[in-house]
Amino acid sequence: MIDFDGVTKSYRLRGGARRIVLQDFTMSLPYRNIAVLGRNGAGKSTLLRLISGLIDPDHGQITRSASMSWPIGLRASFHGMLTGIENIRFVARVYGADEQAVIDYVTEFAELGPFLYEPVRTYSAGMGARIGFGLSMALRFDVYLVDELLSVGDASFRAKSRRAFDDLLTRSRIILVSHSMGSLRDYCDCGLLVANGTARFYDDIEEAIDAYAAINA
Amino acid sequence: MTASLRRELFECRIGWQTFLRSLFALVLREARVRHGRSRLGYAWAVLEPFAVTAAMIYFFVALGRRGGSLDYAPFYASGILAFAYFRHASSFIGLSLEANGPLFSYPRVRELDAALARLTLDTITSLLICTLVFTFMFFAFGADPPRALGQMLLAYFGLSLLALGVGLNIAALQRRFNMAAHVYNMLMAPAFVLSGVFFTLQSLPYELRHIIAWNPILHGVEGFRAGYLSGYPDHHIDLPYLYFMGLLLTFTGMIQIILSKRGME
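Here the protein sequences come in this chain order: A and B. Here the first sequence stands for residues 1 to 217, where the numbers follow my numbering. Here the second sequence stands for residues 1 to 265, where the numbers follow my numbering.
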């Protein structure tokens, strides 16, 4: 589904040093629900951004044979001056979806009522994340790239997200970055451990979690 | 690196349809962000520059050494409008990446799309302002209508291309140095003086003309004016040079943007 061919990715830190996320990395990821594990700063989010096509590798190539969502996470992806509705409309237009259907879905999903007609800059982080989450659910992708989002909202919102995801996973797959082993076990059946400039694939999620525990020990 | 660079440059789009869809969404979004907030909305975006241009024309005509005759109003008007378009579009594009940070959370939206959306919006607005000013001069004091519309548009679109090229370079530089757009805006003050807004290439002495003719903006301004006025001396105007510089800068701007994307986290 996703082929990494000799991919190297590094980025410059403020101090001038370089941080290497992947070094000459070659791997073929299967069309499955994949948990992404790694310590803080190991490059999990960067990996997700590479997979989505948001950033390019320094060297090498990434080939995708399925449609990828944008990295769905807490990071703001909306224009603060525009209202929630206007932002939703924009994304629906960019992805060529039926605008009204998307708006209806997100309105129902995010439960923000009249707030959707207020500029996004007046929202709390959680409200923005709810819309982003609902919006990605309203659009159809083969693979959803989710970055630490499943802990958003109260218990009832989480239950709702859970149902939406279960429904989604009958036709799509998910690549999930999380520090919560519970949600990784819930959604994924295999794992990818990012550490020291490379990533290792584990066919079984429990093996991946054990390996992650080992490097944290 | 070269292989993927080539791919990025020549295969910039999945398809035209996707591209046009993104562009359309972006133009609407920019229009909404920029003009949607005040009560008069878009009308204000046209009326304000119209008033400023009218005031400038009046100022130049009244203080000009040509004795305050309104006969010179079209001369100044065409120069001011063409230059203002270039300046505004290029610096607007120069901020297209920084101002649109959240936009690039969607892999579908490319940097070039954001720049083209701003160029489209500014071109439409600016053409409306031009129409308004020329119509006003026609009815208010019987100025001649434009002589050769095609020629004017040719120069105008040359300026569009140049604005895109310059804007892309500024936008990429802005990603590395926060001062880039600021410095560029400062440079636009001398550029205003050197771009033929209130002189003609023909009127300059040979030595000076040959130096100043390196400024591509000048050819756009002069070309626009030569299309508007009858009997305007146009044999020093070099539109191919303007287009060449526009293409060259667009090309280097795109390479800069692709490279700046690699450096990012």
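One or more of the hints may lead you astray.
[To be verified] Going by beta-carbon spacing under 7 Å, a handful of chain B positions derived as facing chain A:
| id | residue |
| --- | --- |
| 1 | R21 |
| 2 | A25 |
| 3 | R29 |
| 4 | V33 |
| 5 | A84 |
| 6 | A99 |
| 7 | S105 |
| 8 | Y106 |
| 9 | R108 |
| 10 | S260 |
| 11 | K261 |
[What the hints assert, rightly or not] Listed below are several chain A residues computed to face chain B (Cβ distance under 7 Å; list not exhaustive):
| id | residue |
| --- | --- |
| 12 | G53 |
| 13 | L74 |
| 14 | D154 |
| 15 | S156 |
| 16 | F157 |
| 17 | R158 |
No lab work stands behind these hints: they were computed from the structure. Ideal Cβ positions, reconstructed from N, Cα and C, are used throughout, including at glycine.
Verification of the supplied hints:
Look at R21 (chain B): its Cβ gets to within about 5 Å of chain A, closer than 7 Å, so that hint holds up. This hint holds: A25 (chain B) has a C-beta 4 Å from the nearest C-beta of chain A, less than the 7 Å allowed. Below 7 Å, beta-carbon pairs count as interface contacts, and R29 (chain B) has one with chain A at about 5 Å; its hint therefore holds. The beta carbon of V33 (chain B) comes within 5 Å of a beta carbon in chain A, closer than 7 Å, and the hint placing it at the interface holds.
Below 7 Å, beta-carbon pairs count as interface contacts, and A84 (chain B) has none with chain A, the closest being about 25 Å; its hint is therefore violated. Taking 7 Å as the C-beta cut-off, the interface hint given for A99 (chain B) is violated, the closest approach to chain A being about 9 Å. For the restraint placing S105 (chain B) at the interface with chain A, the shortest Cβ-Cβ distance is roughly 4 Å, inside the 7 Å limit, so the hint holds. The interface hint given for Y106 (chain B) holds, since its Cβ lies 5 Å from the closest Cβ of chain A, which is under the 7 Å cut-off.
Satisfaction of the interface hint for R108 (chain B) is found here, the shortest Cβ-Cβ separation to chain A being roughly 5 Å, below the 7 Å cut-off. About 11 Å separates the beta-carbon of S260 (chain B) from the nearest beta-carbon of chain A, more than 7 Å, and the hint is not met. Restraint check, K261 (chain B) versus chain A: the minimum CB separation of about 6 Å is within 7 Å; hint holds. Of the supplied interface hints, the one on G53 (chain A) holds, with its beta-carbon coming within about 4 Å of a beta-carbon of chain B, less than 7 Å.
Interface restraint check for L74 (chain A): the shortest CB-CB distance to chain B comes to about 11 Å, outside 7 Å, so the restraint is violated. Residue-level restraint check for D154 (chain A) is violated (minimum Cβ-Cβ distance to chain B is 25 Å; threshold 7 Å). A cut of 7 Å between beta carbons decides the hint on S156 (chain A): the least distance to chain B is about 27 Å, and the hint is violated. Hint on F157 (chain A) is violated. Least Cβ distance to chain B is approximately 22 Å, over the 7 Å limit.
With a least beta-carbon distance of about 23 Å to chain B, the hint placing R158 (chain A) at the interface is violated under the 7 Å criterion.
Hints 5, 6, 10, 13, 14, 15, 16 and 17 from the earlier list are contradicted by this structure; the remaining hints agree with it.
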